[in-house]
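**Student:** These are the residues of each chain, in order.
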Amino acid sequence: MQLHHFHGGLKLDEHKAESTARPLLTMGVPKYLYVPLSQHIGAQTECVVEAGDRIAKGQRIGRAKDYICANVHAPTSGWIRGIVEHPVPHPSGLSAPCIKIETDGRDRWGDDRLEPWRDWRERDPRSLRERVRDAGIVGMGGAAFPTAVKLNPRPGKRIHTLVVNGAECEPYITCDDLLMRTHPEAILEGARIVSHMVGAERVLFAVEDNKPEALRALTDAVASGEHDFIRIVSIPSVYPTGGERQLIKVLTGREVPSAGLPADLGMVCHNTGTLKAIREAVVAGQPLISRIVTVTGPGVREPRNVEALIGTPFADLVAAAGGYRPDVDRLVMGGPMMGFAVGDDAVPIIKGTNCLLATRPQDTPQPGPVMPCIRCGECTRVCPANLLPQQMYWFAKSKDFDTIQDYGLFDCIECGCCAQVCPSNIPLVQYYRFAKQEIWGREKERQKADLARERFEFRQQRQEREEREKAERLARKKAALAKKDSAPTEKKAAIEDAIERARARKTAQPAEERSAQDRERADG
Amino acid sequence: MRFRTRTSPHMVPGHSVGGLMRQVLYALIPGTLAMAWFFGWGVLVNVVLSVLFAVMFEALMVTLRRRPVGVTLGDSSAVLAGWLFALAIPPLAPVWVLLVGTGFAIVVAKPLYGGLGYNPFNPAMVGYVVVLVSFPRELSLWPSPEGLADASFTLWQTLQTTLTGRLPEGMDWDAITRATPMDMMREALVSGQTVHEVTRSPVFGSFSQTEWEWAGNLFLLGGLWLLYRRVITWHIPVSMLLSLATIAGVFWVIDPDQFASPAFHVFSGAAIIGAFFIATDPVSAATTPLGRILFGIGIGILTYIIRTWGGYPDGVAFAVLLMNMVAPTLDHYTRPRIFGHSGDGRG
Amino acid sequence: MLNAILAITGLALAFGLILGYSAQRFRVEGDPIADQVNNLLPQTQCGQCSYAGCRPYAEAIAAGEADINRCPPGGEATVLALADLLGRDPKPLEVEEKEKAVAVIDEQTCIGCTLCIQACPVDAIVGAAKQMHTVVEPECTGCELCVEPCPVDCIAMVPLERGLQDWRWSQPAPSPIEQPRRARRKATEERRESA
Amino acid sequence: MARLVVRDVVITTLLLGLFAAIGTGVVAWVHSGTEARIIDNRLQMTRARVTQVLEGVDYDNDPVADHHRLSDERLGGEDLPVWIARRGTEVVGVAVSAIAPDGYSGDIHLLVGIDRTGTVRGVRITQHRETPGLGDDIEVERSDWVHDFRGRSLGDPPIERWRVRRDGGVFDQFTGATVTPRAVVRAVRNALLYFEQHSEELLALPPPEEDEVLTIDPAVPEIPDPATPTEPLPGAAPPGDTLP
Amino acid sequence: MITSGYGDIIREGLWNNNPGLVQLLGLCPLLAISGTVVNALGLGLATIATLVISNTLVSLLREHVRPEIRIPVYVLIIASAVTAIELVMNAWFHGLFLVLGIFIPLIVTNCAIIGRAEAFASRNSVPRAAVDGLAMGVGFTGVLVAIGALREIVGQGSLLDNAHLLFGEWGRDLRIEIFPQEHGFLLALLPPGAFLAMGLLIAVKNLIDARLEGRAAPSATTEPTAPAPSQS
Amino acid sequence: MEYALILVSTILVNNFVLVKFLGLCPFMGVSRKVETATGMGLATTFVLTLSAVSSYVINEYLLTPLGLEYLRTIAFILVIAAVVQFTEMVVHKTSPLLYNVLGIFLPLITTNCAVLGVALLNVQEAHGFVESALYGFGAAIGFSIVLILFSAIRERIAAADVPVPFRGSAIAMITAGLMSLGFMGFSGLLRL
Ligand SMILES: Cc1cc2nc3c(=O)[nH]c(=O)nc-3n(C[C@H](O)[C@H](O)[C@H](O)COP(=O)(O)O)c2cc1C
Ligand SMILES: Cc1cc2nc3c(=O)[nH]c(=O)nc-3n(C[C@H](O)[C@H](O)[C@H](O)COP(=O)(O)O)c2cc1C
Ligand SMILES: Cc1cc2nc3c(=O)[nH]c(=O)nc-3n(C[C@H](O)[C@H](O)[C@H](O)COP(=O)(O)O)c2cc1C
Ligand SMILES: Cc1cc2nc3c(=O)[nH]c(=O)nc-3n(C[C@H](O)[C@H](O)[C@H](O)CO)c2cc1C
Ligand code: SF4
Ligand code: SF4
Ligand code: SF4
Ligand code: SF4
Ligand code: FES
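Chains as they are written, first to last, in our numbering: chain A, 1 to 524; chain B, 1 to 347; chain C, 1 to 195; chain D, 1 to 244; chain E, 1 to 232; chain F, 1 to 192.
Honestly, the hints are just simulated from the structure, not real lab data. Just so we're clear, the structure is a prediction, and the values are computed from it rather than from any experiment. Treat the hints with care, as some may be off.
As the list claims (entries may be wrong) - Some chain D residues close to chain F (C-beta under 8 Å, calculated; not the full set):
hint	residue
1	GLY23
2	THR24
3	VAL27
4	SER32
5	GLY106
6	THR126
7	ARG129
Note that the Cβ used here is the ideal one computed from N, Cα and C, for glycine as well.
Taking the hints into account, I'd like the entire structure generated from these sequences.
**Tutor:** If you want it as structure tokens, here you go:
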């Protein structure tokens, strides 16, 4: 197959062998699980259970209340111990509402378990999509975008190709690799389900050439089955070839248009993990409640892949991988290029957690002070989006948000290549994230200002009209009668009266409040 | 357990600014030594003094701004600027020329703009041009290698000359200086000789050309090493030398008597060191790939124009400054096509 | 001398004719600059700029009578945008930028006097006479104009809540070599404390 | 479109006309009061220059009013003015303008004063663009170098030694700048050669008519201002006559 | 700028709103004619005269000018004044006239003059306008002379060279030599020197302003930690 | 060839702004943004060429025949003011788009010394009609080029960490000085 190139990219030290040396470990059920309500891109999930509820494994505990949203299911059976603010894996380090589950260790499925559909070929795509949605599946390649939305073809867009993203281009991460080695059939079946759903005629399954075992397993699986429209493609390992747009370029030579989606080219791209999850949801009726996570880095004793329930604290995963080495000072969720460091290992894993990376100071030495950009152009050389990171940095720094957009800020995929090669150690990606969010924020404010202006102008017109009418009325009245005007005083008196009443109520209020609090205490 | 939070990427950092600058310094060494071999101690004295002054000025400015001195000096860019400046001026230039030049290079052209990374103009070239227009006499006194050899200038004598601005007893500037090849060519053409006559004249062939070429070759070597080390990219040197050779070639073909050959233009004067070490200053050059090519072409053409028709014998410094001026505009109009966009790079 | 006067006067007469004619022939109404300025203002209509709302302030700016740094709700961003539009130097804001807030009416205390409704420039308060009033949160611009008129002080400005969804990446701190030494020392101390 | 209000147009026009009339009137009045002095001033400049290069020549006319134009390759240009100094009607000296075409950065204009015997009485550079700080030592304001020519003639030094020292002549070059002095020396020598060849014609030039002397003659050639040190400086361009 | 006292007007012209340093108007003569103190002073005096005359006249006529010919009328007034001054200089200060060259007629387009006519004289009474003209003129001349002095000292080591052009023959004695001309720093006399000197002067003014302010509010003297988002 | 020389001379060698010091106020004033600088350049080019031509005509056919050379300044500035005002009114009415680009700059051009300077220099150098027009055009192009280059540099400096006293116009002046230093390289070019 004719492969193509994208501009830039980096060859990085892979560090994959560390974690693939050990077999996959399925973790037990921890005592408490913290399942965040917001694990995906889009609106926060609405909690449908209450403290004290008894729940079964796979029971829906969070309901998608919006189109771009995903259900959340109980990873195991137990009791709800409240909706608590708990640290979540997020670059802010903030806490967010999580469903706290005390597990019972029985891991018991409930009665309302989804029905396994072994006959998915006979089902129509719509109901399959509904199943994906019910199962709360989100993209497991990193972005955690609700998969059902992606699988819902937009009107007029016909999907002909499913791209399976098995690139796993970031260093250290091997969860997809392991999945491909151990469950090639499941992934391929997932691919067939998705093809069926979107009507794709071919599947391009891309795997970086640094995963020979996965490649062999997949090729064998393809050869043994009747997957003639599935093509396993070995692609050169260059970071970030696993980025959706870069991958499509490498495979087909076509570029996803700037503000567009792969669907504009008739393609859809999915991570191997996502496909496996789809397969489980359809064929086994199992919602997305666990995933494989690579626990690795020079800061853990026995780097390996573990399969863990959503909501398991990071600390437990690390313990399963032999615990920390001394001096560990950084724990990253995701890969070293795009992941973010968390401040606390009590945070739970979520659907999008593919890797935990622990490092010590000596592994990622202090990069030296941030220096000014010397415009060396290294970042331009490696930027896979062919942007001018140094210029964008310049404009982000001076908060020139119009110009930075003109320079393609929103084409930046935040891959981190530029920051990696920058000799001045500038946290470039953070500048871009900052700029993007600032622009979104301002856009929101602008919309609000426009609304306010409309309302203000409307009000002014109304007041003018009223003024006019009043003047007319007054003139008419004056002409008709030139007599008493007691009305105003009457009105004033009424107001005074009301004020008096309010005051009385206000002084009475503290007492009321006190009693209300008492009542609460009694309830609790 | 709590951890430090830092933004991605979380990898071992690649290189550093200071490292980059030091590689350029290493690449300058062979050419500098060659120059010192031909032109005497003066070259080394200049380099040492200029670097000293440059570092001093930098430290002074940073201190005045109450900024950390160590970090700024650690990036070695002042050392590099001082060194490059020193290579541009004649070996026996008096000390005040060095002071004024490095002063302008380091004080006016750099910290006033905020220091490393912000200066729109090449500091070393600002320094050089300032002394060139201010002290044209001192700047045109290039010792001839043979003149120095006759007088066997010692290090001590060199220092004396540099520090006092006067030659030691019994020596005469007219005796030990000679026009550079560039100067000679210009002078001869001005007074109506042909290129042929100039290059044939025994003086021209026998001494200056070869020495200058040797130094040039060693700078070329250093430049190639920088290319190999990826400290610089090919765009600027290649486009600059090519355009210089091309335009020189065109005129040379038209009238070989009035216009010097492309080889002469490329290998004389500051073309080589300019192409690899000066025009490539990342801070003041264009930063987009196409912009860099245009930047190089501009320098090549302007160098030729100023050399051939201008009032100053060598145009590289001016050409670099002039193109520094154009660089931001070039960057503005030569953005690469962004992934997923059609047409130019506008988002 | 007469020649001179005649020649130049003639010239002036000719130009006067042309200009006088074209002044009428090519007259244009309206002030597009004021519109552009108005578009950049936040439309909070709070009057903190000392004008009766955003539009009058915009007109004053366009006429060159007012400085561009007097709109606290707009904050630094607005000053920069205005400076950009008008080619003036950005200046620091005259007053401190305030935290974004919305008005909340204590429904227990509200007596339904409608005074706040009359004060609200964007009709963000709903309610009828003698009935409890409420602020429609997404429409409130936080201008505080309703606070003053309320006879029973039942309106409070409540800062907008900021959760995970509203969290934003901050601009990275400037490089240490771009900071005076004193500031740097403070920053390191802070980091040490927080660690 | 608004209707034309003719009255407004007329008022506008008249108003502008009125201002113009008043303004011009004032200026014209000032002009009439200063005119004579201005003309005199202009001639005065030229007079001073000519006097300088004819130092030591004993004449009693006003050379400024007594000028002709010469064209010759040796002088380096066309229609170059020459001023004549006389005692009585006899020509005792000439101030020849010449151009050295081979300066380092273009032409160098000079004025060479030569007496009857063909001896140089003075040389002044009137316009040049040589490198400031290097070639501009030819200016009398900056160095005494041009005084070297005083008293020289074609025989002193012998013609083959009318060169700069580096080329085996008697005149100093400047350290670091040989081209400029070389050009000037050559130009002065050529001026002398020209004088030698044409001395008869020159010495026989007729005096001007008596009453022409002080009328305004736009053809009176002016000597450009001595070039200010730097070519690009505004004002270095010959100020010439923005006003007559 | 509703009504300010004469003191304010003068302070504005000389320092706070100096036409050269703050408004950045009249830059051309400021840079071109500041090679020596004498040139600077000559042009400065001419500018002061023009400013006072034009401000007075414009203020006098401010009621009678219609908008469509406002600029032509102001320009006419200024041009007449300048031409008269030019003729006088040509007659009595011929040497200086030659040196200043084209920049005398260009006083007409000195933006500072028309700027004052528009911004101040056309809105204020005659005496106030005249004082403003004087203050602005003196402020402008001050800057001109300051740059002139700087460039002359650095560039040719002297002060008040060629003073005879302005003061007549006795002026020759005014010349002060600080060091011999050949040690001069030529750059100061060249065009770049003019720009650099001007930049330096503006910076010095900023520094002094900051100091003054610092004395008023003693805390705000250190630089902000981050570069201001956008200045210039 | 001679015409080409005039252009090269006015654009590079004797650049009006950096070498001749004319038109500095707009050079400093409207150079914060590349877009506005471009607009100013366009407007100036138009007005400068037009006024160079018209002042040539006035000088040749009105002032010189009448012996009124001393009134040049008045006559020229009158022409310029009228041309500018007229252009502004026409553009404002006929092309709001163009007015948006050029409009705010037009009044500034009256007081751009380069315009009057060109008119006066044309007379001083005894240029003919075509030469006058070219001289004006070249001067304007030279002005526009450096203005645009300068504005692009200033956009960069806007984000630079300039020492406080130098922020704003001081560093802009210094930048202009360094630009003019670069232009010194053209001195002596073409022996012009
Ligand atoms: C804000 C946002 C909106 C999206 N909207 C859609 C959509 O409407 N339809 C769709 O198929 N995919 C949509 N996507 C998914 C993207 O196509 C992409 O597959 C997903 O972001 C994961 O890709 P990544 O990890 O390379 O970023 C959206 C993604 C984001 C971040
Ligand atoms: C720089 C970058 C690198 C990525 N690398 C991978 C990768 O190696 N493997 C992967 O599955 N997804 C990767 N992604 C995410 C993909 O772009 C895309 O979102 C994903 O394949 C879509 O599948 P999903 O919706 O099933 O997650 C990367 C995204 C970016 C921006
Ligand atoms: C910037 C510069 C300007 C120069 N200007 C002049 C000049 O105006 N006149 C001149 O004769 N030589 C000038 N020269 C020197 C010539 O290049 C040449 O070196 C000199 O004329 C040869 O003289 P020499 O043989 O005495 O060294 C200049 C040199 C430089 C570097
Ligand atoms: C390849 C390379 C070339 C450089 N060339 C120059 C130079 O010509 N002049 C100079 O002052 N600094 C040069 N520098 C150093 C540094 O970039 C310069 O001082 C900055 O302009 C300071 O902000 C160079 C640096 C590198 C990496
Ligand atoms: S790699 Fe860093 S220093 Fe180099 S241009 Fe990019 S941002 Fe600037
Ligand atoms: S993070 Fe953005 S700018 Fe940087 S290399 Fe990746 S795509 Fe380019
Ligand atoms: S301060 Fe701002 S938001 Fe408030 S009225 Fe004025 S312009 Fe509008
Ligand atoms: S509710 Fe109050 S604060 Fe909100 S917009 Fe209306 S008046 Fe302003
Ligand atoms: S003084 Fe020349 S443009 Fe203002």
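**Student:** If a hint holds in the structure, say so; if it doesn't, say that too.
**Tutor:** Hints versus structure:
1. GLY23: Since the shortest Cβ distance to chain F is 7 Å, the answer is holds.
2. THR24: holds (7 Å)
3. VAL27: Holds - the Cβ of VAL27 (chain D) comes within 8 Å of chain F, reaching about 7 Å at its closest.
4. SER32: Not OK, violated: SER32 (chain D) not within 8 Å of chain F, min 10 Å.
5. GLY106: holds (4 Å)
6. THR126: This interface hint is violated because 17 Å lies over the 8 Å limit.
7. ARG129: holds (6 Å)
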